[in-house]
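Q: Please construct the entire structure, taking both the sequences and the accompanying hints into account.
Chains as they are written, first to last, in the numbering used here: chain R, 8 to 365; chain C, 8 to 365; chain G, 8 to 365; chain Z, 8 to 365.
Among the hints, a few may not be true.
Any copy will do: because identical chains look the same in the list, a pair fits if it lies in one copy or spans two.
What the hints assert, rightly or not - Using 20 Å as the maximum straight-line C-alpha spacing, the simulated SDA-like pairs for lysine to any residue come out as follows:
| # | residue 1 | residue 2 |
| --- | --- | --- |
| 1 | K320 | R277 |
| 2 | K282 | N185 |
| 3 | K169 | D263 |
| 4 | K14 | G364 |
| 5 | K169 | A204 |
| 6 | K171 | V284 |
| 7 | K184 | E318 |
| 8 | K327 | R363 |
| 9 | K187 | E71 |
| 10 | K184 | G155 |
| 11 | K171 | E286 |
| 12 | K14 | R363 |
| 13 | K282 | I178 |
| 14 | K152 | D263 |
| 15 | K171 | T27 |
| 16 | K171 | K282 |
| 17 | K320 | D271 |
| 18 | K171 | A58 |
| 19 | K14 | P37 |
The hints are simulated quantities; they were obtained by calculation from the structure and are not laboratory data. As the structure is a prediction and not an experimental result, all values here were calculated from the model.
Here is how the chains run, residue by residue.
Number of protein chains: 4
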Amino acid sequence: MSDIWGKNIQFAIFGESHGTAIGGVISSLPAGIEIDFDAINHELRRRNHRAAYSTPRAEADAFEFLSGVYDGKTTGSALSFIIRNQDTKSSDYKNLNVTPRPGHADYPASVKYDGFNDYRGGGHFSGRITAPLVVAGAIAKQILKLQGIDVFAHILSIGSVKGKSFVDTGICDDTVKNLKEKIFAVADADLENAMMAEIEKYRSEGNSIGGIIECAVTGVPAGVGNPFFESVESRLAAMLFSIPAVKGVEFGKGFDITTLSGYDANDAYRYDGDKIVTETNNNGGILGGITNGAPVIFKTAIKPTPSVSMEQKTVDLSSKADATVEVKGRHDSCIVPRAVPVVEAAAALTILDILRGN
Amino acid sequence: MSDIWGKNIQFAIFGESHGTAIGGVISSLPAGIEIDFDAINHELRRRNHRAAYSTPRAEADAFEFLSGVYDGKTTGSALSFIIRNQDTKSSDYKNLNVTPRPGHADYPASVKYDGFNDYRGGGHFSGRITAPLVVAGAIAKQILKLQGIDVFAHILSIGSVKGKSFVDTGICDDTVKNLKEKIFAVADADLENAMMAEIEKYRSEGNSIGGIIECAVTGVPAGVGNPFFESVESRLAAMLFSIPAVKGVEFGKGFDITTLSGYDANDAYRYDGDKIVTETNNNGGILGGITNGAPVIFKTAIKPTPSVSMEQKTVDLSSKADATVEVKGRHDSCIVPRAVPVVEAAAALTILDILRGN
Amino acid sequence: MSDIWGKNIQFAIFGESHGTAIGGVISSLPAGIEIDFDAINHELRRRNHRAAYSTPRAEADAFEFLSGVYDGKTTGSALSFIIRNQDTKSSDYKNLNVTPRPGHADYPASVKYDGFNDYRGGGHFSGRITAPLVVAGAIAKQILKLQGIDVFAHILSIGSVKGKSFVDTGICDDTVKNLKEKIFAVADADLENAMMAEIEKYRSEGNSIGGIIECAVTGVPAGVGNPFFESVESRLAAMLFSIPAVKGVEFGKGFDITTLSGYDANDAYRYDGDKIVTETNNNGGILGGITNGAPVIFKTAIKPTPSVSMEQKTVDLSSKADATVEVKGRHDSCIVPRAVPVVEAAAALTILDILRGN
Amino acid sequence: MSDIWGKNIQFAIFGESHGTAIGGVISSLPAGIEIDFDAINHELRRRNHRAAYSTPRAEADAFEFLSGVYDGKTTGSALSFIIRNQDTKSSDYKNLNVTPRPGHADYPASVKYDGFNDYRGGGHFSGRITAPLVVAGAIAKQILKLQGIDVFAHILSIGSVKGKSFVDTGICDDTVKNLKEKIFAVADADLENAMMAEIEKYRSEGNSIGGIIECAVTGVPAGVGNPFFESVESRLAAMLFSIPAVKGVEFGKGFDITTLSGYDANDAYRYDGDKIVTETNNNGGILGGITNGAPVIFKTAIKPTPSVSMEQKTVDLSSKADATVEVKGRHDSCIVPRAVPVVEAAAALTILDILRGN
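A: Spelled out as structure tokens, the structure:
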């Protein structure tokens with residue numbers, strides 16, 4: 008099921024970076040949902056924006072719906088869509104199946120698929136394959152919005168430049184509104200220049216840098232999720248680790264909660280009018296795998312993109328000898344800004360799936 | 008499927024802390040595997056050892072196999088086992104369904120199950136329910152061993168006392184051997200006392216403290232796993248976040264990889280004789296969701312157990328007013344040492360499942 | 008997942024005929040359902056009744072609940088139960104792994120499990136393993152009843168003695184009431200003696216005979232189910248073919264619909280007050296995989312039990328030569344009457360699962 | 008998961024009869040399989056052949072592969088393909104959402120999807136949606152062929168004209184070869200005219216007729232499959248009942264086995280050289296859910312297509328009154344001949360899936 012995800016809704020993803028098209032199929036959506044096509048395009052533009060730090064490869068990312076939508080509304084049958092690949096320079100990638108790029112999937116994939124995988128541009132392992140996820144996530148967001156649920160993320164850090172967590176600052180409406188309008192989604196505007204400078208430092212030397220994205224889901228009522236194998240954390244983490252380059256996922260205080268005492272880590276309850284709220288949110292809105300009504304908050308670590316211009320040590324699989332590789336092609340020096348809508352899409356789809364089965 | 012896990016093998020878990028019995032069912036195991044019952048008992052003792060920092064509740068944890076084993080070997084049919092509950096003092100837990108304990112699942116569970124969940128001792132949310140996972144993991148380890156795969160974990164930190172990661176030190180055979188013999192599984196023996204002292208600090212004040220467990224799986228060949236939704240990271244994280252108290256999972260360098268440059272983060276390849284190895288293991292043995300032959304290494308954040316003796320703020324669900332709660336009952340001041348075999352079990356089952364479908 | 012079934016609720020089955028115990032685990036049941044234990048016992052007695060035509064093996068079939076029930080109500084966590092095996096005469100089955108019984112699973116199982124399967128009494132392939140299914144089905148029936156849904160089956164034929172189908176006679180309340188009280192569940196009382204005589208004919212010569220069971224599910228509203236891979240027919244058939252000895256499943260008119268014209272086969276609609284009803288029910292209440300509000304009606308073919316006393320031709324797997332086998336042990340000459348509650352249980356669980364995800 | 012199928016390989020289906028395109032996604036195929044595109048086209052032509060008895064709607068059924076194939080071979084990533092819809096006359100279907108056609112999914116679908124389903128031409132319920140299944144099945148057949156497994160079906164009956172079952176005649180190579188070359192796939196050539204005449208009888212009066220398709224899978228070794236919930240019968244039946252119009256599935260002798268004695272029904276074993284064979288195949292090659300090495304043989308009942316030209320009684324959903332409907336549009340008077348490759352495709356995919364997980 009590596010390309011098919013989900014339990015109560017399902018999502019199939021397909022495509023290779025330099026193949027004919029990429030796309031997706033979403034099954035078991037509710038019928039009668041009006042689709043906002045502009046909103047989908049907005050999300051795709053967020054994922055595909057051009058900036059100094061991103062790849063010059065320019066894909067229009069024009070999606071075509073093939074089924075599941077009639078008169079602008081979901082029919083309840085599988086919703087499918089494709090995005091055709093256009094701007095491909097496959098020659099750039101010629102030798103990558105022989106001298107695998109360190110940090111990329113080239114070598115493990117060649118072992119798994121006996122060399123038959125489409126290695127051009129990373130093939131099915133390309134970050135490009137997250138575009139269908141963004142389309143599906145945009146639809147999920149629209150359905151969640153009808154239930155009062157909002158999903159938004161921000162760049163918490165780039166390299167060593169780090170902002171403040173929602174867990175510590177709380178979430179204010181203005182911040183959320185700003186974040187949604189920005190292409191470079193930093194909550195604390197004062198840090199924007201420092202983060203840009205951090206990226207430029209690595210870009211200028213043909214190198215790359217990673218960062219941390221924090222995401223919040225507000226409006227999820229208490230009592231959603233399950234203990235054990237389908238905990239909200241399990242479901243979200245499984246989806247988030249599907250995104251290429253994610254190497255860590257943590258909820259609420261995450262790893263830092265290990266240095267708090269139990270008394271300090273516990274989120275005390277109180278009534279706010281009729282509503283039960285927590286005074287802190289160290290647990291990221293989830294206890295025993297089930298939501299407690301506080302915002303669901305998590306962080307994901309995005310590693311520096313492995314495509315760097317410098318010569319790197321590798322092996323030559325045909326001659327079975329040590330070798331070097333220089334990665335040509337077009338690539339980002341920091342994918343964190345473009346990964347923000349991808350993380351949001353992953354969260355939106357997952358929360359929708361959990362809610363549909365709750 | 009909250010209580011049923013897996014794809015190529017399946018594992019069902021059942022039981023409540025103060026019910027009749029807890030247990031598990033493992034389906035689709037290979038037939039003809041000789042079961043080492045002593046090894047299962049050894050793992051249960053690791054999970055259930057008594058120390059100053061652990062609960063005085065003494066369960067023998069005697070398991071009984073009901074099916075799936077004949078003449079000491081697996082039959083290929085569902086293997087099932089139970090562990091009867093004995094030493095239960097349910098009266099300690101009487102009011103917890105009215106004044107939910109902060110940091111516990113009491114409140115979300117009462118919402119989800121409309122108050123019908125068995126709240127005694129945490130019910131199905133109790134850490135006790137990890138005992139069946141340890142039994143299943145012990146069997147998985149035995150099967151993996153036949154394929155040259157070893158799974159072992161160590162306490163990387165307790166509160167603010169932190170040791171060194173396998174990613175930085177590498178893995179040496181002596182360390183592994185020592186770890187397996189120790190109840191308090193710290194790789195760097197010099198840190199043992201400091202960690203014990205850290206626990207004692209919190210225990211003496213009726214408080215608790217968490218920590219980080221790092222786990223390694225050695226011997227997994229390159230080419231195992233999948234891109235996207237069934238990446239090795241996705242599968243492991245989903246299982247690890249099933250363990251109560253886990254709030255973070257990271258692979259290789261994890262969150263710290265976000266501060267490395269791409270050049271430094273990439274794990275360069277070289278030949279070691281006929282074998283392709285990586286010079287570093289910042290990616291924790293996984294690229295594009297697929298193993299690269301290096302040890303699979305990950306860390307899990309274990310939050311401080313929420314059961315503390317101090318009075319805590321909460322709400323009274325019957326009178327709908329703010330209230331306080333004092334948690335009586337018997338509890339650990341640090342569950343990290345006992346969680347080590349649980350993390351190993353989770354990893355062993357997951358890797359076995361992935362291998363069976365590869 | 009051979010021993011684990013379901014999507015919105017899940018059911019794991021375990022046990023071997025001559026092992027320690029058989030049992031089951033049901034996950035994702037709604038919380039707060041009051042369990043009627045007498046009703047479960049009633050269903051088990053129907054499956055296990057003693058008559059001239061049935062095995063003299065007398066199992067009390069006393070079940071013990073281990074988890075998932077508190078204060079007589081479901082907790083929402085996995086409900087598990089076991090039935091211990093007692094009256095086993097394993098010596099009767101000694102050579103069956105060497106000279107496989109024709110018509111039994113002995114030979115295919117020995118190939119699949121490399122000879123490690125527990126062959127005593129048929130092991131995991133024994134009809135005895137349907138007892139846990141009956142327990143789970145009894146619980147499913149109780150939940151369905153709260154929604155106005157009733158599940159009942161009758162013996163449509165024994166050998167060449169055949170009664171009338173619900174599709175042709177319609178379903179009248181008195182018939183249903185009678186069926187539920189009878190151990191030998193024949194709708195047309197006039198046929199009872201003829202069917203008994205048919206069984207006796209085969210029993211007296213040490214042979215066996217099969218029959219057809221027809222089942223109806225009333226009260227399912229229109230609009231339940233799915234097209235294609237999760238059609239109501241697909242889901243029911245998959246579960247029904249799990250029952251050992253079932254070799255055919257058909258809905259409504261079934262195979263006979265192939266000799267009707269389209270005009271005659273179509274079930275015309277009309278209003279009955281506010282309710283849309285069909286004038287006939289040739290399609291068994293399902294169109295395009297989705298219920299149309301008419302009773303869901305299906306038939307299952309139960310083959311003659313392969314355990315006969317006569318000498319049969321087989322092979323000797325150790326000497327690799329043709330051989331003969333005489334099946335000793337205790338066995339039924341007709342399992343159709345005892346299979347009635349098993350078919351009902353299969354239907355009840357499946358319909359409950361579909362409804363929970365609709 | 009109504010539009011997504013499978014366990015070890017997965018298949019997602021999408022499309023509506025009068026939408027933009029129909030198609031499919033196959034995940035987890037082995038890498039490096041050379042795809043025979045002509046063979047796929049051959050299967051599509053078999054499904055879409057024109058004859059007196061079939062719809063004049065002429066779709067070229069030209070498929071386009073979008074991913075998963077590189078240099079003519081599978082890459083191991085999701086293989087996706089689309090078939091664009093062209094020849095649609097949607098006006099023919101205008102009122103079907105108000106006056107549902109008896110025997111069609113119109114009414115149950117309008118309830119399930121609250122009237123938002125794309126009802127034009129039957130939408131997602133159209134037989135046209137089986138074209139992607141045929142494409143996927145053609146690929147599955149190619150992979151099975153490499154393992155010596157062959158899948159073929161024949162028209163066993165049309166209305167009351169009935170041929171002989173493979174269970175009674177055995178399977179001879181010439182018959183198989185003939186069947187594969189024929190568009191009207193009747194094993195006994197003498198019956199062809201009588202069957203054609205039977206169809207013509209119903210076609211001439213604007214009516215329709217059904218029939219039975221029998222399918223065999225040869226070359227499956229003994230020991231494939233599982234007991235209980237994933238029996239070979241369960242898996243095949245679940246897939247077969249996904250095909251619109253299938254109302255019955257039976258294995259081997261099927262329902263007729265209920266009139267045989269156990270002694271006669273049991274398939275005696277003997278050695279044929281080194282190989283264990285059965286003297287008869289009343290059980291259709293499956294015992295206890297597992298193959299026994301004999302050909303897997305099953306029959307499917309195909310109901311008469313509900314689209315008939317005659318006026319039929321129905322209801323008017325808007326005025327809530329009884330009404331009549333005349334189905335215009337273009338339709339087949341017998342879909343049995345065109346369903347033959349669909350049944351084969353369903354069998355091929357299922358057997359491939361089972362084998363990949365065995």
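Q: Hint by hint, note whether the structure agrees.
A: We went through each hint and held it up to the structure:
In this homomeric assembly, K320 and R277 come within 20 Å of each other (Cα to Cα) only across copies, at 7 Å, whereas the closest approach inside a single copy is 57 Å. In this assembly of identical chains, K282 and N185 lie within 20 Å of each other by CA distance neither inside one copy nor across copies; the values are 28 Å within and 51 Å between. Proximity of K169 and D263 under a CA criterion of 20 Å is satisfied in both settings, with 15 Å inside one chain copy and 12 Å between copies. When the C-alpha separation of K14 and G364 is checked against a cutoff of 20 Å, the pair qualifies both within a copy, at 8 Å, and between copies, at 10 Å.
Taking the shortest Cα distances, K169 and A204 sit within 20 Å of each other inside one copy (13 Å), while across copies they are farther apart (32 Å). When the C-alpha separation of K171 and V284 is checked against a cutoff of 20 Å, the pair qualifies neither within a copy, at 22 Å, nor between copies, at 38 Å. In this assembly of identical chains, the alpha carbons of K184 and E318 never lie at most 20 Å apart, being 43 Å within a copy and 39 Å across copies at closest. Within a single copy, K327 and R363 get their C-alpha atoms no closer than 51 Å, and across copies no closer than 29 Å, so neither meets the 20 Å cut-off.
In this assembly of identical chains, K187 and E71 lie within 20 Å of each other by CA distance neither inside one copy nor across copies; the values are 25 Å within and 38 Å between. Taking the shortest Cα distances, K184 and G155 sit within 20 Å of each other inside one copy (15 Å), while across copies they are farther apart (48 Å). For the homomeric pair K171 and E286, the shortest alpha-carbon distance inside one copy (18 Å) is at most 20 Å, but the shortest distance between copies (34 Å) is not. For the identical chains of this complex, K14 and R363 are neighbours both inside a copy (9 Å) and across copies (13 Å), given an alpha-carbon limit of 20 Å.
Proximity of K282 and I178 under a CA criterion of 20 Å is satisfied intra-copy only: 18 Å inside one chain copy versus 51 Å between copies. In this assembly of identical chains, the alpha carbons of K152 and D263 never lie at most 20 Å apart, being 31 Å within a copy and 34 Å across copies at closest. For the identical chains of this complex, K171 and T27 are neighbours neither inside a copy (42 Å) nor across copies (47 Å), given an alpha-carbon limit of 20 Å. Within a single copy, K171 and K282 get their C-alpha atoms no closer than 27 Å, and across copies no closer than 44 Å, so neither meets the 20 Å cut-off.
Proximity of K320 and D271 under a CA criterion of 20 Å is satisfied inter-copy only: 12 Å between copies versus 47 Å inside one chain copy. For the identical chains of this complex, K171 and A58 are neighbours neither inside a copy (24 Å) nor across copies (39 Å), given an alpha-carbon limit of 20 Å. Taking the shortest alpha-carbon separations for K14 and P37, both the intra-copy value of 14 Å and the inter-copy value of 18 Å come in at or below 20 Å.
Checked against the numbered hints given earlier, the structure breaks hints 2, 6, 7, 8, 9, 14, 15, 16, 18 and satisfies all the rest.
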